[in-house]
Every structure is written in structure tokens, then in C-alpha cells.
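Chains as they are written, first to last, in numbering that gives the first Met the number 0: chain H, 0 to 399; chain S, 0 to 315; chain Y, 0 to 293.
Mixed in with the good hints, there may be bad ones.
Stated by the list, open to error - On the chain H side, residues computed to face chain Y include the following (Cβ under 7 Å):
no.: 1; residue: Ser208
no.: 2; residue: Leu212
no.: 3; residue: Ala237
no.: 4; residue: Glu240
Because the hints were derived from the structure by calculation, they are not lab data. Glycine included, C-beta positions come from ideal geometry on N, C-alpha and C.
Okay, here's what each chain looks like letter by letter:
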Amino acid sequence: MTVSRWTSALGSAFLAASPCMAYAAGEPVVIGDIDDTSGVYADVEGAGGVEAINMAIADFGGTVLGRKITVLSADHQNKPDIGASKFREWADQQRLNLLLGGSNTGVNIAMSKVAGAKKVPFIVIGAGGASLTNEDCTAYSVHYVYDTTALANGTATAMINAGGKTWFYLTADYAFGTQLQSAASKVVETHGGKNLGAVRVPLGAADFSSFLLQAQASGAQVLGLANAGTDFSNSLKAANEFGITRTMKPAALLAFLTDIHSLGLKTAQGLYLTTGFYWDLNEETRAFAKRFFAKMNREPTMDHAGAYSATLTYLKAVKAAGTTDSDKVMAHLKKDKINDMFAKGGYIRADGAMIHEMYVMQVKTPQESKYPWDYYKLIRKMSGEDAFGPITGLCPLAPK
Amino acid sequence: MRVFYVLLSLLALALPWIGLYPVFLMKLLCFAMFACAYNLLLGYGRMLSFGHAAFFGFAAYVASWLVTAHGAGPAGAVLSGMAVAAVLGMIFGGLAIRRRGIYFAMITLALGQLVYFVCLEAPFTGGENGLQGVPRGTLLGVLPLRSDRVMYYLVLAIFAAVFLFIRRVVHSPFGHVLRAIRENEARAISLGYDINRYKLLAFVLSAALAGLAGSLNSLVLGFATLSDVQQSTSGEVILMTLLGGTGTFFGPVVGAAIVVTLQEYLSDVVGGWVTAIIGVIFVACVLSFRRGIVGEVVALRRRRGQPRAAGPPEPA
Amino acid sequence: MSTVLGIPVPVILGQLTLGLVNGSFYALLSLGLAVIFGLMGVVNFAHGAFYTLGAFAALLGLQYLGINYWLALLLAPLAVGVLGVLVERLLLRHLYGLDPLYGLLLTFGLALIVEGSFHQVFGASGQSYPVPDSLAGALNLHFMFLPLYRAWVILASVLVCFGTWFVIERTRLGATLRAATENAPLLQAFGVNVPLLVAASYGGGVALAALAGVLASPVVLVNSHMGNELVIVVFAVVVIGGMGSILGSIVSGLVLGLIEGLTKVVYPEASNIVVFVIMALVLVLRPAGLFGRE
């Protein structure tokens, strides 16, 4: 019959013309996740991040373009060489299609170099350093969840408005800490405040006492904690222990839900912080959180939600592009709008930054909290453009 | 023995074509060089340095910095790294040789740690972030090194050169005096040798070659980080040498191959237990396996009464 | 506010006090190292691992057995001491005839095993151990708020250090121990069970390390790397003080802690390396160490 002759002719032409496509049809789409799963930032994303990725894959349908989706994960142990080597190995040996970057800006900067060299799409979830979309930008990097500019614009502004004019920083001594400190310093100065100094603390320091004494000696009103994860919770605890918080107000420049949970509301109450996601914000976020809680027994942080959303966004872009070819997928990523429980009307800018709403929160007092994990009250919403600021022109892909 | 080396060389030349990951092989070769350099000091000079990563890692930083900040070519960067390591070796050696045995070890340990902290704080090293995105460049303006296969053959050639050089040194008059000092220091002194000069020279040579390995490694991987100067790296090279067989030529290469392979592939299987397993191997080596793998093989062959052909010398 | 060289006095005093706390740990740990080295000639690279073990013993004892801090101060060193004796009897003993470098390498391997296992099981970031209630609160020293617990650390370390020194230098037991280093076979001929003595000294030395670990648990986070990071500095301290000199290691530990504290005020970036720089200087000027006898 004519139809079957047509189909067989078309079919054989198809097979003959594209042997690569026939081969590729069976090849899985490989998504990798390199994160800190045993160190200072293990709770912020960690195993929950992999879970979120799997949830996104399941919600997408399990396959894309008829191809299975596999997930690889590794621990970078906060060492740039391990992260970069693993990424390169996956790109060379495992036909990696997408890498999601977990915490630690230093490691992510190293990995972004590999992304540029190996031309693999790289979506940064856990790291905060804004240089990833400035000096360290590449055509294949996307910075998805939050960055140091947004954190400073949110939290530093809130602290200054609450009366904290003079600042001294306790800075984690690597890319993230220094970038966060400089972003906060800029905001302080723009609002007429003064930066009195900073002390650099090694990542994962066990004892903050001598650094805190130096901070106190400055006489500043605000103790800017330019660190995160267990560094943040430990430095805050030590500040209480040494009576530093009697004379200085701590500024939680980066704090996750998990940090507040481990500190407890008694210690953390009143802290301002900036986040890209809160589980209890609306019906959609609560629905996601409920599913996440069922698997992980705790509420998701913005990194978990971001990993979910980023995976979904990538898979949608692959479907729209009809291929996993990096350049075509990146073109779609920078073109299409993002609308899911994590971001409404979000979009990826030319420099790779994902512009979406950010929220300035304040930690509730123990009395204000009515149920488990009811920790934040919304102070104000920042539009994406306000939070992430204008294009700086430092990235060659996005001139001013 | 010659046959063995020829076969091995042929195998090495063919490896990237069989499907082994060239970057992994190059890392292995760099660490093998590092271990061979270390063996010069430990096996032939009986000086246990606990801070050798300082030379490996600091040279890596120097080379990477020259390439990224000053646009140096790979040859210049590697040679500079080697030179800096030699100078560092002279300073450290000068301090450490004042004491013997255990004290020597502890001094090198502390000096190695000093270098670590300097690398942590110094602005040019990038601290915790390290130096990233180091391009391989073009060798002497002629040969582009971006391809992993091309780089592999270059590294293999350098490794072979280092290996042969160490053999030459050990068999030279200098090497003989060094071994004499190792066997009986007092007698060597009584024979009129200035043992400190010999020891220092051995130290500097070892440091320079370790620096060569480190600089090369940073170009292979494209970065220099704190892991290169960390205490654990010093420990690893001791293990490689011990496991393979101190005082044998091929021992450190075998040891390096085993340890690097273990770390690479075992960590996929057992995750973080790798460190503990390496510790167990270490303890086992020290307790009952002191001659190391190659050392045991040599001893076995001797016991079987086979004639000793030209090849690895007597074990330590 | 009065200043010295432009730095306010309260700042200097604050850092010096914290330096004294650190110095107490250095003193305790280098004491244990000096005891083991002086009596056995073994450089115990695993000293940091035993310190970590002591801290974990306290932490786990609290979490699973409800053993409180004061009990842990007693039981943890005891348990670790017993472990030390086992290590000596089962492992170290085989290396006595050989080059002492092998003892160093063995203990290095042991340190790797302990650190690696604990890292794998407990992760790299630390867990916090609560300050015992009786020592909670802070002393208002005017130039700083010193948590009461840290004042206790200084007191306890000084007491233990000088107590140990007294036992070794001024009692009969100590004399026997010292005789064992001088001439073990002769001492054995006198009927003293020298192998037992040696095992006990190793156990005692590492028990001191474990005690330091328990003392440290409420101060630093209990994590797998805490010992190995510290022990390298302690080695430098011992080289400065003079290996085998008990008093030398105690005094050097305390003084170096103070110097480190001072460096933090004057030139914070150098505070990590000041001990090593001093070690290098001592080696050039007085290789036997400040109190050493060679």
C-alpha cells in the first residue's frame, strides 16, 4: 500500500541519512551533581539535592526525546581540584550532558572553567559568588538560585535600615566569602554606612574565638558574617558565648533553612536573611515541600528547590531544542521563560544569571512560630532586577 | 631486565589507544616521577622527608602562576617551577640536615606545613580557590598541547628522561658516595667525605625533580590547589615509595601506579574509606612488607638463585 | 583606652588570654609526645589521632551512654590509654630493633586509619559538644568576656602538666621510668618488668592526648581532622623545646601559645606559621632545642 511504502521509504532514508541519530537514540541523557556531601555545606544541598533532581526527572516523565535520564553524583569535599577533575572525567568518559554545581564558590569557579573548555552546560545551584556571571562567566554557565549581589542587596540593606551603620566582617577565606564581603561593603557605603574592617577565617575553622575578639575590638555596630553553613552557625554560637552579641548585631549574610533549624529559634530569632525560596510561601511551594519532606524528613532549602527547578528547566530546553547539543540547548535556556514553583517569570540573562524574585525574611521568635519549620516571616520581596542588579559589563558575553 | 623495560615502554606508548583515560595516565606518570624523586632521598640517602609535597606543590603554583599571570609557555613555566623547587630544597635541606633521623623528619614536616600556610595566605596562589584554568599552551611555540594524547606523550618522554637520569645519578660516583653514607656515616666521614654537602645535593636534586613533577602535573590538570602542598600529599608519596620498594628503581613507579589507581577507582566504590584503607596498607607495609613490592620481587628472584642481570640494584 | 604600639591594651590582653588557652593544649600534647619519645624513642605520629579519639569518646559517650563531661574526663583517657597499650604491644613492639623511622611511619599509618575512618563515618564538619553546666557562663575580665570553660582549660592543663612533670622527675616511679631509658637491660636485670613499663608509658602518653581531646571538645568542633591539624604544630613545639625534655615541652607549649596570640594582634596572617618560623630559627641557633640536652 502506498502509505506503508512511503513510511518504509521515509524510514530507510532516515536511517541512512543519520547513523549518529540512530546511535544517539539509545544513549541516555547524563546529568551530574558535584556537591559538598560531607563537609561544611553538607546539609545545605547534599543528598537532598540529588533527591530533588530525581523528583524533577520523574515529574518531567522520566525520559526526554525518547532517551533515558541518568544521574551521577560526587562529593567535591570543598576541593576545587576534585570538583574540576570529576567534571572533566565525566565530560570525557561519561558523555555528560549537564552538570549541576553544589556549594562552594571556589569549586564552582574551577568547574566553570571545565564547562567552558569541554562545552558542557553547567548550572550552578549551591554556590553564591557573583563572579560566576562576571569575571568567571562562560557561554555554558548559568547561575540559578542566588548570588552574593542579591544577598547583599537584601540583608545588608535590611540591617542598615534597622540602624546598623558601621560594619566589621568575619569572612570565610575563599572566593565566596571575599565576594560576599565586597558586595555587602558596597551596599553599606551606598547607604551612607562605614566598613571598619574584616578578618579572614579559614573555611571550616574549628574555633572562632580569636577572630571574634578582633571583630569586637573594631567597635562596629554590625558583625557581618560573610560565611555559610556550619561556619555560619558556629561563628554565631561563639559570638554569643563570648558576649560579642551584647555589643554587635550579627548579620546573617547567607543563611539557609537548615542553619536556622540547627541553631534553634532562641539563638536565631530576629536575624534578617535573603532567600530565593521558602517552603511555606504559597500553595505550590508547600506542595513541593510536602513531597520533599516525605522523602527527606525535613523541609527543602532554596538549593533543593533550585536543583529541582533547574533540572526541569534544562529538560524543557532539551525538548524544545530537539537535541542535547550544548549550544542549541544554551540558546533555548537563555531565551525561554521559567515558570514553576521556584520562579515565576524567571529568565536567564546573557551573562548566565537567572533573574527571579528574591525574598528578605526575618527569623521568627519562638512565640511567633506556630508549627515545626515555621521559621521565617516575609519582610519584603525584591524583583529579580533589583536583587541581582544591572549587568556590570565584566562578562564579555553581556556588555553593558 | 632490558626486555622487561622495552616491553613496558611499548605498552606505555600504546596505552591511550587502548582506551585508558589519558588524563589519569598523566597524573599517574607525574606522581611516579614524584615518587622516584622522593626515592632518591629516602631509598638511596635514607633521609625521610615528611614535607616533600612542599616542593611538588609550590612548583605547581609557580608554574601555574607564570602561565596564567605572565603568559609563560609550558617549557618556561615547568623549568621555572623546577628551579624554584631546587632553591626551596636548598633552604629546607640546609636547615633540616643539621639534624638526623627522626629530627630530620620532624623538621621537614614542620617546614612543609609552613609552605602550606604560605600558599594559603599568599595572594598569588589564590588561597583556597587555587589557580584555575591553567592552559597548556604550545611547547616552544611549535607543539600545541591541548590534546590529551599529545600531552601524554610529552609527559611520558619527560618521565622516561627523569627515570634514566635518576639511574645515572645513582650509578655515578656521587651516587656511590651517597650510598656509602647511607650504609655507614662514620666511615664515610673518616674517609674524608664532606657528608653534609652530599646530603644537601641529594636533597636539592630530589626537590628539583619533585618540582618538575609538580609543575607538569599542574599543566596536565589545568590547576594548582592547596591539595598539592597538603600534608596528606607528602604522606602519599612516602606510601608510594614504601609500597613499591625503597631503594629500587622501579619500586616507586609501581607504588605510584597502585596508589593513584586506588584513589581514582576505589573512591568510586568505597567512597571516603580510601584514606583509611591507605592507612591500613601503610601499616601492613611497615610491619611486614618493608621491602615493598619490587623489593620483594627482587629478593624472591635472588632466593631462587637466578642470575642478576643489569637492572634494579639491591634493595634498601 | 591605653595602647601599646598603637594597639589597645584590652585587645592584646584578650588575644593573649586566648593564646594561653591554645598554649595549654600545646603543652598537654607536647608533654605526651615528650613522655613517649623520652621513654621509648618513638615519635608518635598518631598522637593527634589519640587526641581525636579522646574527643570522640567524650562525644559518643555523651550521645549514646549518657556519660557526662566529668566522667568522660576520667574514662576517655583511660579507654584510650588501654587502646594505646594494645597498639604498643601488638604493633609497635615489632619495630624496636629497626630504624626508628619505621616507628614513625607506623604511627603515621595509624593516624591515617583513624582520621579516614572517622571522616567517613562522621563527615568532615564537626559536631558540637555542650559545655558542662557547672562551667557555663563567662567571666567579665573587662578586656574581654572569657567563657568560664576556657579558664578551666588553662587551670586543668597546668595542673595535669605539672603533675606529670612532678611524677616523672621527682618520684620513684618516675625515676624507674627514667632509668628504663638510660639502660633498659640493666633495669630488667634488677627485676623490673621493662616491657610492661614501656607499654604503660605509651598508654600514659596517649592518655594525656585523649585528656586534651576531652578538654577540647566543648571548645572546638569534634571532627575527624582536629588532631592531625594540631599535631604538626605540636611537633614544632617539641623540636623548639627539645625532644625528651618534659619541662621544656610544657614551657614551650605555653609560651608558643602566647606568642601565637600576640601574632594574631600584630600580624594575623602570620599566626599560622609563627611557630614554624621560630622552629627554623631555633634549629639554626640552638639545634638541640631550648631545653634539650644532646
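Taking each numbered hint in turn, which are not upheld by the structure, reported in ascending numerical order? 3
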